[in-house]
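Here is how the chains run, residue by residue.
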Amino acid sequence: MRIWKSFLIALAVLGAGACGRSSNNTLNGAGATFPFPLYGAWAHRYNAEKGIQLNYQSIGSGGGVKQITGGTVDFGASDDALPAAEIEAQGLLQWPQVIGGIVVVYNVSGVSGQLTLDGASACGIFLGEIKNFDDAAIRVLNPGLSLPSAPITVVHRSDGSGTTAVFTHYLADVCPRWQNQVGQGKAVNWPTGIGAKGNEGVMNYVRQQANSVGYVEFAYAKQNSASYANMRNRAGKVVSPSLESFSAAAAAGSYDPAAHFYTWITNTGGAQAWPITAATNILVRRDKLEASKRVVAFFDWAFTAEGDAQARELVYAPLPDSLKERVRAYWRQHGLQ
Amino acid sequence: MRINRGIKDLAFAALTAAGAFSIVVFVVGIVAVLVGNSAEAIRTFGPGFIVSDVWDPAHQKFGAAASLYGSFITATLALLMAVPVSLGIAIFVTEIAPGFLRGPFGSAIELLAAIPSIIYGMWGLFTLAPIMSQIIEPALQQSIGSFPIVGALFSGATRGVDLFTASVILSIMITPFVASIARDAFLLTPPEVKESAYAVGATQWEVVRDVVVPYSKFGVFGGVVIALGRALGETMAVAFVLGNKHWITLSLFEAASTITVTLANEFNEADSDLYLSSLFFLALLLFAFSFLTLAAARLLISRSRQRRGEK
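Top to bottom, those sequences are chains A and B.
Residue numbering for the first sequence follows the numbering used here, starting at 589 and increasing by one per position.
Residue numbering for the second sequence follows the numbering used here, starting at 56 and increasing by one per position.
Derived by calculation from the structure, the hints in this document are not laboratory data.
Mixed in with the good hints, there may be bad ones.
[Said to hold, decoys possible] Derived DMTMM-like pairs: lysine to aspartate or glutamate, alpha-carbon spacing no greater than 20 Å straight-line:
| id | chain 1 | residue 1 | chain 2 | residue 2 |
| --- | --- | --- | --- | --- |
| 1 | A | K654 | B | D326 |
| 2 | B | K249 | B | E150 |
| 3 | A | K719 | B | E309 |
| 4 | B | K116 | B | E95 |
| 5 | B | K249 | B | E261 |
| 6 | A | K654 | B | D328 |
| 7 | B | K116 | B | D328 |
| 8 | A | K912 | A | D888 |
| 9 | B | K116 | B | D326 |
Sequences are here, hints too, so could you generate the full structure?
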């Protein structure tokens, strides 16, 4: 008897839950883990202002793409932009939402000054060809530092990751040998080093292990007050990672609405551009116009000064204004605004 | 009245039969899904998949050997470390500890089994890995690292994120399974037999060795098999401390990968069909590997039971 009672109660609770779910007050999204803290912060403020709830599952970019093509969410989020042909084939729309940068973090014993790297030396380190910190390729970029003759431990991501996709895309871009030997993607066959799970895993391991080098999202390096290297960019200038240099990279990028904004902004030509930069993207369905319009309303609100301020606070770079205007025109063109 | 009872019995029999058959349906269903989804990888790589240690998603080349090897090594090492400790725990709790200690010790063991694996993983990364890399691994390297042949197992830089650390964590995780099953098996030894052994002047050690252990051999072995299943299937804890590197390495101080870790790390972001299919192929191999191990264990038990004339 007791079992039946609890069964009925459970049924009633489930039923109430199902009825209470109103589709006009909630937005469901899934995808990239990198912008999750920001989308969460935006959603909180947006809910306070407009009374609309946003549920975002940070399951990874690949999962976000799968869920939006499967139609189980209102929007997907992916660090990797999908090529135009795929966007067309799947009946989707895509735009960049916010910019992030990847930095090379290091832990070199006895070196307190700022390390500078360029594409060739970064490529050599991650290929395992540059084995010691006092290698000529590193010394020539850092004449002021006394680098130890210590073997370098390379730390990379062990899980499939958009961060890895952007980083390997950059290495392949600046270093043909990387392209030939390793290639690019969310997971690659690393020639050297050890893998750690997630940005936090890489960060933690670089901090623990003396004379190690890894790559993480800028925000993780900031939060952990880790040492990160300056890079020499395509224009030949040495730049520091900052929200300004990330936005500069995006401003120099070739964002084309006709190609659904598919592009890479690694190694762009801007004088102040940080070379390892990427936008994280939002994907919506064309056949669910009402839901997609509400998604656009949310992300348009996030483009305002208020949204930008929140982004900067959490170490994400807002899109440059010119690019925001192009995104808004794209929304209007496809009837989402 | 009698008819009523007949119906009740029938219903009871039907219910239990349905339960038993549902297991078969599940297993067949899992195999069907795994085979169906791995068809593309099976077509592309064939049996070569099992012996190739190349895992290169960027170039669409996949092989299972490195992951299989990692699963095998970590599970074996974990058993080697966990079984003696677990048996010690079980013997202490059942035979040696004073009565008032048995309850708390028993509960403590079972509590250990209830800790989620992600906690073990985080603890492994933040606490155990530094201890391993700075204290335990250098000590091992200096003491037995110079021996011929065996020394190769302990060569290389001590980084704490490697096969050895992963095996240690696994062994801690499976200890409660072996220990509590062994304890239950030991408790089944008839007290009369033990008492008669004591009566003819056997020491405590002799009673354990010659009476309790032989009596409960099969029960303990069953516990070991369950622990092996857990060790092969454990994912999160290992993922944190293994370094996920697809290669076959003799040194235990090197990063490696296991099948489950590869699946957990790469499934979400596997973007090509062949990549996804290869991951399913890996899962199928793990399924077959586990099945064969368990089947072999069963066979072993029934063989030795027959030899002893038991049923």
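Structure-based check of each hint:
For the suggested pair K654(A) and D326(B), the alpha carbons sit about 9 Å apart, so the restraint of at most 20 Å is met. Restraint check for K249(B) and E150(B): the C-alpha separation of about 10 Å stays at or below 20 Å, so the hint holds. At roughly 18 Å between alpha-carbon atoms, K719(A) and E309(B) fall within 20 Å of each other, so this suggested pair holds. About 13 Å separates the Cα atoms of K116(B) and E95(B), which keeps this hinted pair within 20 Å; it holds.
Using a Cα cut-off of 20 Å, the hinted pair K249(B) and E261(B) holds, with the two alpha carbons roughly 10 Å apart. For the hint linking K654(A) to D328(B), the alpha-carbon distance of about 12 Å falls within 20 Å, and the restraint holds. Under the criterion of a C-alpha separation no larger than 20 Å, the hint pairing K116(B) with D328(B) is consistent with the structure, at around 12 Å. Between K912(A) and D888(A) the alpha-carbon distance is near 9 Å, which keeps this suggested pair within the 20 Å criterion.
A threshold of 20 Å between alpha carbons decides the hint, and for K116(B) with D326(B) the separation of about 14 Å falls inside it, so the pair holds.
The structure agrees with every numbered hint stated previously.
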